[in-house]
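Line by line, the protein sequences are chains A and B. Mapping to our numbering: the first sequence position 214 is 214, numbers consecutive. Mapping to our numbering: the second sequence position 155 is 155, numbers consecutive.
To be clear, the hints were calculated from the coordinates, so they are not data collected in a lab. All values derive from a computational prediction rather than experimental measurement. Mixed in with the good hints, there may be bad ones.
These stretches of chain B come out as covered by chain A in the derived footprint (C-beta under 8 angstroms, 3 or more residues) [what the hints assert, rightly or not]:
| hint | region |
| --- | --- |
| 1 | 186-192 |
| 2 | 469-479 |
FRET-style restraints, in silico, Cβ to Cβ [unchecked claim]:
| hint | chain 1 | residue 1 | chain 2 | residue 2 | range |
| --- | --- | --- | --- | --- | --- |
| 3 | A | E159 | B | S465 | 28 to 36 angstroms |
| 4 | B | E769 | A | G170 | 15 to 23 angstroms |
| 5 | A | P32 | B | S338 | 30 to 38 angstroms |
Every residue, glycine too, gets a C-beta built ideally from N, C-alpha and C.
One letter stands for each residue in the lines below.
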Amino acid sequence: MTARVGIVTFPGSLDDQDAARAVRRAGAAAVPLWHAERDLRGVDAVVLPGGFSYGDYLRCGAIARFAPVMAELVPAARAGLPVLGICNGFQILCEAHLLPGALTRNSGLRFISREVRVRIQNASTPWTRDYAPGQELTLVLKSGEGAYVADGPTLSALENAGQVLARYAGTSPNGSADRIAGVCSENGTIAGLMPHPEYAIDRLTGPGDDGLGFFTSAVRVLAAA
Amino acid sequence: MTAPDAGLPQQAAGGNMPAADAAAVDTVARAGATRGRPQPHAELGLTGEEYAAIIETLGRRPTDAELAVYSVMWSEHCSYKSSRAHLRQFAEKAPPTTALLAGMGHNAGVVDIGQGYAVTFKLESHNHPSYVEPFQGAATGVGGIVRDVLAMGARPVAVMDALRFGPADAPDTRRVLPGVVRGISFYGNCLGLPNIGGELAFDACYAGNPLVNALCLGVMRHADLKLAAATGPGNKVVLFGARTGPDGIGGASVLASASFEGGMAGEGGGRAEGAKRPSVQVGDPFMEKLLIECCLELYAAGLVLGIQDLGAAGVACATTELAAAGGEGAGMRVRLDSVPLRDASLGPAEILMSESQERMMAIVEPARLERFMAICARWDVQAAVIGEVTGTGRLEMTWHDELVVDMPPRSAAQGPVYLRPRQRPPGQQALQADEPSGLRRPQTGQELRSTLLALLAAPDAADKSWVTEQYDRYVRGATVLAMPQDAGLVRVDERTSLGVALAVDGNGRYCKLDPYAGAQLALAEAYRNVAATGARPLAVTNCLNFGSPADPCVMWQFTEAVRGLADACLALGVPVTGGNVSFYNQTADAAIHPTPIVGVLGVHDDVRRRLSIGFGLAGCSVVLLGRSAAEFGGSLWAHVAHRHLGGRPPAVDLGAERALAAVLAASADRGLLAAAHDLSDGGLAIALAECCLAGGEGCAVRLAGRLPGGEFAQLFGESAARAVVAVRPGADAEFSELCETIGVTAAVLGVTGGPSLKITGSFAVPLEELAAAHQGTLPALFD
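From just these sequences and the hints, can you work out the full model?
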């Protein structure tokens, strides 16, 4: 049976169609979810896409966290529903306390849009199983508030528990603590990623297809479930 | 139609406006009873003759609100009164085409690209606001052009921008440039529109007059085309989007605060606090994103009969233009007190002139109103019925049931037309006689090498990543080519790989030397850039940036440029679909170089076969296409090495441009090339360096030395109608035959590959050294 992956559209979501394209390219059905509806439509996994939900007013992701759809999503995620938050989606997951830490202004104080090299640190999560540990990928970073921060004990705990999902190879482009590009929950089902894998699914419109593995990983896990 | 920048002198300040209480408002009845009351028409930018014409049209003096409407609608900004007589050439000389679904005069032109798709694109200036307040000025420039495209029924899919600033190392450029870039980045990124290219140049002439020209591309199905007309008496006029506030009043046009308070506010008792309002609008891209999605859903549901964006002159412009376009007898009745306000103290004149952003006006049939409102509510977009279409032929507006506007809409929408005096500048002949031939030229290989590195590091030619890395080029997942490629290329259909290529170009130095040829060269370069991706050029838009039309020398430059552009469009077979004029780019007596920016759109039948500029494959033949001559007038070399501007720009050969484009399209189609790059500023040397840096492979070329001026002229001359290509191994014979058949000169210069750019027998530069020179400049200036 084809896996069904929900893509949430908030007002100001921008990368929802692109996340849907990547999900389809990986062999799953993309199911649109609307921010104002408390309904996950029975999906097997969810992607929170990038963008500027609610205009990034107050703080990135701070308002989206209170959207009606999140009232369904948060308990479902805690119960094991695989959720991937990309860019603004990562910010929303942090604001919703589904992931530790926060995303703050880039150290250079400017929006950064460029291809970045990222190293997979944990290849055992439902979102990274198709990668090898330590594998380097070229993904697309495009964000103004992408610097990951957390206090020292949290960073150590993340490291020790294998919750650092991916790191920037080389120097951090945005001042992220410990060069962190993505983190995950303890059991690995909830993942947040600052660079965009959905813009790295072919050579025509992106740097290559390195990003497709996040989506194929999930599809494979869901098929086996 | 939205409009060009008004002059800075006219738009410097917002006004103290009349108080909003109904009793104080100047009504039609009151205007009839106080015919002789003096009004501040001159301060509002209207001449005595124009004011007299208004009185004649109305049969009485205008009310304050009517005077506001006429003053903004008859401003240069909205009426094109100094340019319209000349812009007609774009229609009169238009080449025969079946590609145009909607031409000039609409919010934006619409072009058929096949497979049932149409695209719309337009360039627009936001020069003056961007100087006063760089961040908001540039941001709202993007917002305005996006709404123009949206109003045609299209989904906006990409933006570009053409920028000009004063000297890169001038202190004020450090204020203006980062703010402008941040504004474009902020607004475009938040809208989810990829920024796929543009251009950036520096010159002292732009120091007090930076240019910020923004382009938006939209895509629709043929059936989705929407027109801005108010038809069908009884239909509702709906204003939706952001609330109307006191921002941007006078931004586009003509308010002079002191006089306005003394005149218009005099009778009603002006506002005591005398608050000065910024004349630059403030943008909210989140609101605009909602507005885009809301409009597209309204279109898809078939709920919109006519639509117009609110740009310059706000409600005044939208109502008069919608009503005027409604045809014979069409009119509109508007209740200004129904306009949702952000500031409850606004009066009718202020509401009419406010340039609050992120607003649209739609004509909706009563039976569809409920569904219209429901979709707006779904997107959290506020909407209000503010009036109805009528069959009276009059534009009537009330304020708390009192009539404050009663005018024939066409009288406002069609302003006066002036044929202003023009004169060839007295120094023009001397300027052209000041040939660059006497300038000292590099002689040795070492000097040529230093010249290449100096030009590559010059701000005009330097790597622009500092700017473009602030723009999201990836969003929407359809960007096939973007900066630093010759043109942007976006995929329109994922299934068929149909795509659209876009380039914007302009060269103020060439235009200063010869505005007729300079405008043609701008078109030729954009045309060539589009062709270099393998696309077929199809249509043209433009933004004509000039000094004050009151200066006869500026008018001469303007008319020469328009004539040149119209002639060249005819010769190249690409019609002008729309455009924008920005006058008054002038500080005191010093006008900017005449700077027509030309945008060319092309269709790509299969974006998978696109050509990029990068030498990424070793072992390809490097071939120079087109004929070279030792042309240095207005060149990058003369500018950078000698601060010299004189002589004549490169010769224009539009037949050769067509032939070159045909070769590029055919060879892309047949897969003969691994790379292609047009030659422009800095000539062959800069082009080769860019090819090497973009693709990571070096090259070794030998220059035959047939030109007068030797290797120097071959490397840095700027002859037009040329490109350098990398021919795939094994394709040389077929490519050579193709060039011969079409009649394009092709000279094999060498081969791609290796760690350096090598001019055999002269010099070599390792790619790392090229990169360091190219990439260091902007970060050093602006970090």
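Legend entry - Violations among the numbered hints, reported as their numbers in ascending order: none
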